[in-house]
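> One-letter residues, chain by chain:
4 protein chains.
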Amino acid sequence: MTTAATALSGVIPPVCTPLTPDYEVDKGSLIRLVDHLMDGGVDGLFILGSSSEVAFLPDGHRKVVLDTVINHVGGQVPVLAGVIDMTALRVLDHVRTAVEAGADALVATAPFYTRTHPNEIAWHFKAISAQAGVPVYAYDLPVSVHSKLTADLLLELAAEGVLAGLKDSSGDEGGFRQVLLGRRDRDLPGFAVFTGSELTVDSALWMGADGVVPGLGNVDPHGYVRLYQHARAGDWVAARTEQERLFRLFGLVAVGGPHMGRSSSALGAFKAALHLRGVIDHPTTALPQIPLDADEVARVGKFLADAALL
Amino acid sequence: MTTAATALSGVIPPVCTPLTPDYEVDKGSLIRLVDHLMDGGVDGLFILGSSSEVAFLPDGHRKVVLDTVINHVGGQVPVLAGVIDMTALRVLDHVRTAVEAGADALVATAPFYTRTHPNEIAWHFKAISAQAGVPVYAYDLPVSVHSKLTADLLLELAAEGVLAGLKDSSGDEGGFRQVLLGRRDRDLPGFAVFTGSELTVDSALWMGADGVVPGLGNVDPHGYVRLYQHARAGDWVAARTEQERLFRLFGLVAVGGPHMGRSSSALGAFKAALHLRGVIDHPTTALPQIPLDADEVARVGKFLADAALL
Amino acid sequence: MTTAATALSGVIPPVCTPLTPDYEVDKGSLIRLVDHLMDGGVDGLFILGSSSEVAFLPDGHRKVVLDTVINHVGGQVPVLAGVIDMTALRVLDHVRTAVEAGADALVATAPFYTRTHPNEIAWHFKAISAQAGVPVYAYDLPVSVHSKLTADLLLELAAEGVLAGLKDSSGDEGGFRQVLLGRRDRDLPGFAVFTGSELTVDSALWMGADGVVPGLGNVDPHGYVRLYQHARAGDWVAARTEQERLFRLFGLVAVGGPHMGRSSSALGAFKAALHLRGVIDHPTTALPQIPLDADEVARVGKFLADAALL
Amino acid sequence: MTTAATALSGVIPPVCTPLTPDYEVDKGSLIRLVDHLMDGGVDGLFILGSSSEVAFLPDGHRKVVLDTVINHVGGQVPVLAGVIDMTALRVLDHVRTAVEAGADALVATAPFYTRTHPNEIAWHFKAISAQAGVPVYAYDLPVSVHSKLTADLLLELAAEGVLAGLKDSSGDEGGFRQVLLGRRDRDLPGFAVFTGSELTVDSALWMGADGVVPGLGNVDPHGYVRLYQHARAGDWVAARTEQERLFRLFGLVAVGGPHMGRSSSALGAFKAALHLRGVIDHPTTALPQIPLDADEVARVGKFLADAALL
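Chains as they are written, first to last, in our numbering: chain A, 1 to 310; chain B, 1 to 310; chain C, 1 to 310; chain D, 1 to 310.
No wet-lab data here; the hints were simulated from the structure.
Any given hint could be a false lead.
Pairs involving identical chains hold if they fit within one copy or between any two copies, as the list cannot separate such chains.
[Said to hold, decoys possible] Below are the DSS-like pairs computed for lysine-lysine, each with C-alpha atoms no more than 30 Å apart in a straight line:
no. : residue 1 : residue 2
1   : K148      : K27
2   : K302      : K126
3   : K302      : K63
4   : K126      : K27
5   : K302      : K148
6   : K63       : K126
7   : K27       : K302
8   : K63       : K148
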């Protein structure tokens with residue numbers, strides 16, 4: 001069994017949260033989705049992340065997801081759990097729940113809603129780490145959190161043993177490389193660095209990243225696993241070819257029209273694709289996301305067909 | 001007894017949440033703070049807003065605040081409760097708790113953390129209103145929520161009976177006036193419009209606002225009540241003089257140095273002032289806000305002295 | 001003759017720049033526009049500001065505007081000239097041209113395009129002021145310049161004699177009031193403070209502003225002059241009524257559809273209104289602004305009719 | 001002789017503009033800088049870009065730079081000239097000057113200062129291209145221009161023959177790859193794509209970019225040329241090693257303290273490095289940038305020594 005004490009690596013998709021039409025967690029579909037991902041050969045699962053609609057899930061739903069996935073996986077791969085909330089005391093409630101449920105590691109953002117400061121972010125992560133008892137990963141997602149985690153702060157918290165790793169969805173490749181070079185220079189090999197930028201995974205691995213947390217990996221886990229394995233085998237041309245195929249598939253996130261937000265479109269497209277592929281029972285996204293209409297779903301189907309996934 | 005069915009007006013401060021040094025709700029101090037505000041003559045209380053550190057309070061803390069304040073007030077003035085969370089299903093959990101605790105009205109923001117869209121915001125408020133059973137106020141706070149509620153959307157939701165009013169902390173006075181003129185043109189007098197911009201209250205009332213939700217009202221409720229009463233009596237010069245005095249007092253929010261964020265500084269200064277004035281037992285702000293140091297607290301005291309509040 | 005050495009006050013519209021269909025300055029129309037504004041009773045003219053499409057005008061066009069307006073006005077009212085460019089050395093070229101042309105005062109923004117800093121902004125204004133030989137006004141327009149001029153910086157530069165005044169188009173009414181109170185506290189009565197927020201002029205004057213620079217004043221100078229005179233006479237109710245009428249007229253800036261930017265829509269609407277009112281010969285806006293179509297122009301006409309301006 | 005009609009590739013540094021202490025163009029130093037870059041083996045020169053302080057240079061200075069560099073280079077490599085200004089008519093003045101001076105190609109941004117729209121951006125580039133008579137490159141620099149050029153817009157303008165290429169300094173590697181894949185899919189091989197992200201050049205070339213426009217290339221042109229040649233030779237490990245060395249050298253851009261902006265620090269450090277290396281006579285940056293102090297310059301020297309450049 002892989003334990004979280006070992007530094008993580010590889011493909012760790014953020015697991016979508018299938019819902020019933022009345023917005024309850026669809027446990028059967030969730031289990032099938034986990035099986036679909038495991039069948040794809042993923043190296044771990046990240047539940048309750050942004051692609052999991054964590055911002056839309058009440059605490060009760062979050063608990064169902066934790067229990068369902070962790071019990072079903074049974075330790076075959078590590079399960080990382082998002083503990084996403086506005087500030088430290090609220091996050092600590094999620095930490096308790098996730099650790100009790102058996103999560104192997106936790107993933108937390110900087111404070112949001114409130115305006116924050118690097119000193120406050122540092123204290124925030126220290127408070128979380130001090131209580132967690134399992135490894136804590138920082139989640140850098142400025143588009144949601146509205147602040148950026150700097151390389152200096154991350155490496156300092158790594159050196160102090162506060163953080164076990166990073167999921168970087170900032171899109172700032174220069175900053176990402178600064179973290180990668182910094183951990184080498186400061187000799188912090190245990191600090192695991194993952195990219196969440198699913199369109200430049202070959203580059204991230206080339207720069208030294210340990211793995212990827214791809215939202216699109218829900219739709220095509222086999223593709224991301226092949227990409228990762230090609231890179232690990234040193235066959236970078238094959239890795240790039242696979243990445244370019246996945247890049248084109250990623251176009252499905254934009255099927256939603258101007259009557260909805262980008263989040264409704266992207267998460268709706270992931271779920272529509274999983275529904276079309278027969279993995280989940282309903283393409284329902286959580287309130288108040290606008291559902292895709294039939295034409296938009298048909299366009300998702302076209303993307304799947306072009307990628308030979310239907 | 002004033003009921004929430006009557007349109008609200010006047011001074012409704014967002015009530016700070018006193019904490020013990022170990023970050024529990026300090027109920028005794030909270031009750032004294034409520035008495036301090038009621039003694040000041042306020043027209044209502046807004047608990048669990050941004051100045052209440054709602055973003056920092058776990059659900060258990062929020063429940064203590066709800067029960068403590070609503071029980072203590074006993075219907076003497078209406079109590080509005082913030083139901084601040086990322087998206088609709090999470091907000092609905094807070095709605096249930098607040099309504100069961102006896103809140104007279106609720107205050108909700110647009111979705112945050114996720115990227116959103118006007119159609120999603122509309123659906124969000126409709127879902128909240130449909131379940132609430134008490135009036136729902138929209139809270140426009142782009143600095144935290146990262147989207148702006150437009151006048152057109154607010155007035156449409158007012159006309160449909162979804163929203164009972166607005167607390168506008170956007171700082172966009174043109175947009176605020178558009179709401180005020182729009183409710184007159186569309187004949188929506190029951191839609192109550194409050195400003196949260198505590199430095200231009202005379203202007204907001206002059207334009208037609210029904211009242212103010214001033215964070216600084218924790219420190220000097222008597223001042224804001226005088227300002228409001230002068231305006232209602234048509235003595236605008238006296239209202240302006242009072243506002244200018246309060247403007248200068250507001251300078252205390254900036255005592256915090258560059259080692260902390262603006263939120264730590266402002267909320268820390270409010271609490272330090274309440275502590276210095278003998279209203280609350282501890283100036284503690286919630287983790288991970290950086291506490292004010294002794295010099296910074298002394299500067300708060302200077303502001304109070306200059307305003308004849310010590 | 002009013003000289004710029006006297007502190008300015010009143011209504012100083014930013015003068016639109018009429019163009020021929022092939023994008024040359026239409027001098028005849030510009031002269032008629034100036035007469036239209038003078039007929040309205042304005043207290044000064046601000047040429048080469050944002051509403052003048054200064055960002056769209058080559059230096060040759062700017063020179064034509066300077067010469068045409070200053071010669072035509074002949075000292076009847078002061079003429080302020082924008083010297084809008086990215087940084088100090090470029091601005092100084094415009095300063096020379098404007099002063100040689102006889103501008104009574106200059107209006108400059110902080111540096112833009114480059115990222116900047118308060119110390120750099122201070123040095124920038126000092127360099128401009130040192131060369132100008134006429135009063136220099138700071139222009140606070142974060143939507144274009146992407147930095148905000150703070151009250152502290154403005155008042156310090158006022159105290160040092162660098163700045164003669166401020167045109168505040170930031171929309172930050174709290175910050176605006178801080179400037180107004182600060183100049184009183186620091187006894188800087190010669191520092192003239194104008195609002196560019198044309199929808200809250202009564203409030204700005206109420207707080208102590210000296211005047212307004214309203215883009216909409218091109219379309220209805222008489223209205224803004226009445227508003228100002230009501231306020232100066234202490235008839236604030238009449239001032240508010242006039243402001244509310246102008247507020248509704250301002251709706252014309254939004255006639256442009258989603259196929260154009262807000263600037264194309266607003267500046268196009270001002271020019272369409274001036275064309276419909278017979279003041280200028282062509283509604284042409286400068287390349288690459290998208291022209292209004294016939295329906296959009298018709299909607300402008302409807303706004304004018306509703307305001308009894310046709 | 002390389003002509004601009006041939007698609008460009010390779011290392012094309014944005015040439016710093018050496019200044020005398022009284023802010024005139026230091027022609028002697030500029031010529032030595034050009035020689036330094038040519039000695040490094042660069043494939044072209046980009047004058048009047050952001051690293052050239054174009055935003056700080058009056059038109060007279062720009063003309064001196066154009067004439068000095070183009071005459072000195074004498075056609076040995078192509079010279080691209082920035083025509084950076086707010087909107088189309090102003091840019092067209094720069095186009096005339098640059099083309100008359102003999103520039104081989106031009107580089108233009110989207111409109112700035114004004115708020116803009118994709119339709120306006122398209123028209124802007126069409127107007128520039130229609131007049132230029134030489135190839136026009138789009139410059140994507142959202143940090144200065146405050147809008148992002150989308151892949152769809154760029155590829156459409158490429159297909160229409162409006163744009164000859166792109167310099168992408170957006171830092172959006174996903175969007176950059178979308179351009180690269182899109183030109184392959186739409187068969188637009190003549191559209192030259194350069195990255196301005198000097199810290200991920202190996203990645204950009206790996207994804208298919210034609211070259212790089214590195215500000216740091218002023219300081220170490222030989223390094224960037226080696227990096228490019230390693231990549232072209234298929235020795236990606238050597239390319240990465242060189243990039244990592246340059247990454248560390250890039251740390252010099254942050255030597256400036258909190259009393260200056262990031263632009264003052266970065267451009268000041270480039271010039272201090274060139275001065276320390278004996279290439280230019282003065283490290284002067286244009287007004288109102290804050291000069292580096294002696295300690296900050298010493299830190300630049302340390303970076304150079306660590307990189308074996310002193």
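> Hint by hint, note whether the structure agrees.
A quick look at each hint next to the structure:
Within a single copy, K148 and K27 get their C-alpha atoms no closer than 35 Å, and across copies no closer than 36 Å, so neither meets the 30 Å cut-off. With identical chains, the CA atoms of K302 and K126 are never at most 30 Å apart, being 47 Å at best within one copy and 34 Å at best between copies. Taking the shortest alpha-carbon separations for K302 and K63, neither the intra-copy value of 35 Å nor the inter-copy value of 49 Å comes in at or below 30 Å. Within a single copy, K126 and K27 get their C-alpha atoms only as close as 34 Å, which misses the 30 Å cut-off; across copies the closest is 28 Å, which meets it.
In this assembly of identical chains, the alpha carbons of K302 and K148 lie at most 30 Å apart only when taken from different copies (28 Å versus 36 Å within one copy). Within a single copy, K63 and K126 get their C-alpha atoms as close as 24 Å, and across copies as close as 26 Å, so both meet the 30 Å cut-off. Proximity of K27 to K302 under the C-alpha cut-off of 30 Å is restricted to the intra-copy arrangement: shortest distance 28 Å within a copy versus 58 Å between copies. Only within a single protomer do K63 and K148 lie at most 30 Å apart by alpha-carbon distance; the minimum there is 29 Å, versus 32 Å between protomers.
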